[in-house]
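Sequences listed follow chains B and F, in order.
Just so we're on the same page, my numbering is the position in the first sequence counted from 1, plus 275.
Just so we're on the same page, my numbering is the position in the second sequence counted from 1, plus 3.
Hints were generated in silico from the structure; no laboratory data involved.
We put the CB at the ideal spot given by N, CA and C, even for glycine.
There could be a bad hint or two in this list.
With a straight-line cut-off of 20 angstroms between C-alpha atoms, the simulated EDC-like cross-links for lysine to aspartate or glutamate are [what the hints assert, rightly or not]: (1) B/Lys454 <-> F/Glu296; (2) B/Lys454 <-> F/Glu169; (3) F/Lys112 <-> F/Asp143; (4) F/Lys220 <-> F/Asp152; (5) B/Lys416 <-> F/Glu7; (6) B/Lys454 <-> F/Asp143; (7) B/Lys454 <-> F/Glu53; (8) B/Lys416 <-> B/Glu467.
Distance windows between CB atoms, simulated [as the list claims (entries may be wrong)]: (9) F/Ala77 <-> B/Gln371: 21 to 31 angstroms; (10) B/Glu342 <-> F/Asp32: 25 to 35 angstroms; (11) F/Asp290 <-> B/Glu304: 50 to 60 angstroms; (12) B/Ser451 <-> F/Ser23: 12 to 22 angstroms; (13) F/Lys220 <-> B/Pro423: 54 to 64 angstroms; (14) B/Asp375 <-> F/Arg81: 24 to 34 angstroms; (15) B/Asp302 <-> F/Asn5: 32 to 42 angstroms.
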Amino acid sequence: MEIWGSAVQGNSSTQVTQLLGRWRSGDREALDALVPLVYDELKRIAQRYLRNERPGHTLQSTALVHEAYVRLTNQQLPQWQNRAHFFAVAAQLMRQILVDHARAHRADKRGGGACKLTLEDAEQSVRQVDVDVVALDDALKTLSTMDPQQGKVVELKFFGGLSIEDTAEVLGISSSTVKRDWITARAWLHRELDRSATL
Amino acid sequence: MNPERWQQVREALDRAIAVSDEERPGFLDRLCSGDSELRAEVESLLHSHEDAGTEFLQKPALDLASDAAHGSKARIGRRIGVYLVLEQIGEGGMGEVYRAVRADGQYDKEVAIKLVRAGLDRSSVLERFRHERQVLASLDHPNIARLFDGGTTDDGIPYLVMELIEGTPIDAYCDAHRLTVTERLRLFLQVCSAVQYAHQRLVIHRDIKPGNILVTKEGIPKLLDFGIAKILDPAATASATLINPMTPEYASPEQVRGEPITTATDVYSLGVVLYQLLTGRSPYPKDTRAPHELARAICEHEPARPSTVASRPL
Chain B
276 MEIWGSAVQG
286 NSSTQVTQLL
296 GRWRSGDREA
306 LDALVPLVYD
316 ELKRIAQRYL
326 RNERPGHTLQ
336 STALVHEAYV
346 RLTNQQLPQW
356 QNRAHFFAVA
366 AQLMRQILVD
376 HARAHRADKR
386 GGGACKLTLE
396 DAEQSVRQVD
406 VDVVALDDAL
416 KTLSTMDPQQ
426 GKVVELKFFG
436 GLSIEDTAEV
446 LGISSSTVKR
456 DWITARAWLH
466 RELDRSATL
Chain F
4 MNPERWQQVR
14 EALDRAIAVS
24 DEERPGFLDR
34 LCSGDSELRA
44 EVESLLHSHE
54 DAGTEFLQKP
64 ALDLASDAAH
74 GSKARIGRRI
84 GVYLVLEQIG
94 EGGMGEVYRA
104 VRADGQYDKE
114 VAIKLVRAGL
124 DRSSVLERFR
134 HERQVLASLD
144 HPNIARLFDG
154 GTTDDGIPYL
164 VMELIEGTPI
174 DAYCDAHRLT
184 VTERLRLFLQ
194 VCSAVQYAHQ
204 RLVIHRDIKP
214 GNILVTKEGI
224 PKLLDFGIAK
234 ILDPAATASA
244 TLINPMTPEY
254 ASPEQVRGEP
264 ITTATDVYSL
274 GVVLYQLLTG
284 RSPYPKDTRA
294 PHELARAICE
304 HEPARPSTVA
314 SRPL
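From just these sequences and the hints, can you work out the full model?
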């Protein structure tokens, strides 16, 4: 039985804060040490969201990454640069977690086709938007070879659940650039997913 | 596509999106002059841009995964007990409501299945449910929606099986049909007879509000969820930290104060509903929205007489 909401041990939160600082000043090894810590925490929170019923209709990923940050660093008043670095790592890891999750579902329902995530729109009408996360991940890899920044924007927004503003902060670019990247990347990804669905 | 070409394409796409539909062909003619491949690519992506609408990728991946695992969509076409879930018909503070039918074909009459939102203490909900179900199932009145059955889903969520009522909340019904005061009162009297019937059997509704009084196509008012509030009411258990499902706008002073509930509680809520049916507004001062303000208004405010506030001739 896991106990939710309890803060991570003091030692490890200091550790995460220090690692973020070291990584920011160019220490690549700090990132290697950081990833497993962040990964475990994100995975635990993500699984809680996926296992239990939804607390409501709030956007959970946004809350998740913020929650992970507060819990891991124990920083109620975030240091902005650390926070941006943390979000960058977190979005990448969330992508990995969610794509693995979708793959596992595919395996569960072998023969049942791709696992699609379904979104009911606000009016709860029949209209729905399906996203095949595994196919999206593949398409996103291709997009990143053409335009790494656009790939990052999609990763941060869709997998990390970050807002336009947080995405801009993480990438050190303006919000309007993020919006433009996002709109054209979405058009391209939508077409790729359409194509992969009809193959 | 190589990165240089993509930069060219996305730049053109970005600019083309900003141009109006009428101006677009001319704009693309100038922008892609001589490069028919670029033009085809931009047009194809413009098409995808429109197809993507506002929703595509708008909701973060984790939320989509969570919806798929637990959302209402996951229930459609599956079974709950002996029932096959057909579609979602509502969602309230209490949980989701589905239209369903017996999967074994024993009866083809459709029912409403109400799932009790998680977060409430399930075991005590179930215990209260077992306690109350026979009393509630015995309520047999033309203006009360029948409670048939209940149980727990495979994933442990308590549910209630009820008569499926298709209708309009009484306030909306009265307005939509432009009912006169007399007609409104006739309708309301039927609601009162249902409440009286239940009170004679010592069952209190506890959550009377327009959303729980649906009027059918035939013009018959039906009270939903009789006694369900008691099953769900955390105040009935020792754990007082949970959210009270009671609807504050129609609550009685004793509910607001957490005092014992009696049949007078329902009579108070009926009074609030009647006030609204006659005046088109709440008996409490305007802009009383925050729960604590509303609570104070309910306990302390003396409402103006309906005849003095009726905003328009009915």
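message = Need the status of pair B/Lys454, F/Glu296: alpha-carbon distance at most 20 angstroms?
response = violated, 41 angstroms
task = Could you tell me whether the CB distance from F/Asp290 to B/Glu304 stays inside 50 to 60 angstroms?
result = Between F/Asp290 and B/Glu304, where Cβ atoms are some 59 angstroms apart, the hint holds.
message = What's the verdict on B/Lys454 and F/Glu53, does the C-alpha distance respect the 20 angstroms limit or exceed it?
response = Since the Cα atoms of B/Lys454 and F/Glu53 sit roughly 16 angstroms apart, the hinted pair holds (cutoff 20 angstroms).
query = Holds or violated: F/Lys112 with F/Asp143, Cα cutoff 20 angstroms?
reply = Cα-Cα ~17 angstroms, so holds.
inquiry  = 12 to 22 angstroms was suggested as the range; check whether the CB atoms of B/Ser451 and F/Ser23 agree with it.
reply    = holds, 20 angstroms
ask   = Does the Cβ pair B/Asp302, F/Asn5 satisfy 32 to 42 angstroms?
value = holds, 34 angstroms
Beta-carbon spacing of F/Lys220 to B/Pro423 - inside the hinted bounds 54 to 64 angstroms or not = holds, 60 angstroms
query = Given a hinted range of 25 to 35 angstroms, is it respected by the beta-carbon distance of B/Glu342 and F/Asp32?
reply = Given a distance of about 51 angstroms, which is not inside 25 to 35 angstroms, the answer is violated.
message = For a C-alpha distance cap of 20 angstroms, please report whether B/Lys454 and F/Glu169 respect it.
response = Roughly 44 angstroms separates the two Cα atoms, so the pair is violated.
ask   = Quick one, are B/Lys454 and F/Asp143 close enough, alpha carbons at most 20 angstroms?
value = violated, 59 angstroms
query = Between F/Lys220 and F/Asp152, is the straight-line Cα distance small enough, at 20 angstroms or below?
reply = With a Cα-Cα distance of about 25 angstroms, the restraint between F/Lys220 and F/Asp152 is violated, given a limit of 20 angstroms.
inquiry  = What's the verdict on B/Lys416 and B/Glu467, does the C-alpha distance respect the 20 angstroms limit or exceed it?
reply    = holds, 12 angstroms
Checked against the numbered hints listed earlier, the structure breaks hints 1, 2, 4, 6 and 10; every other hint is satisfied.
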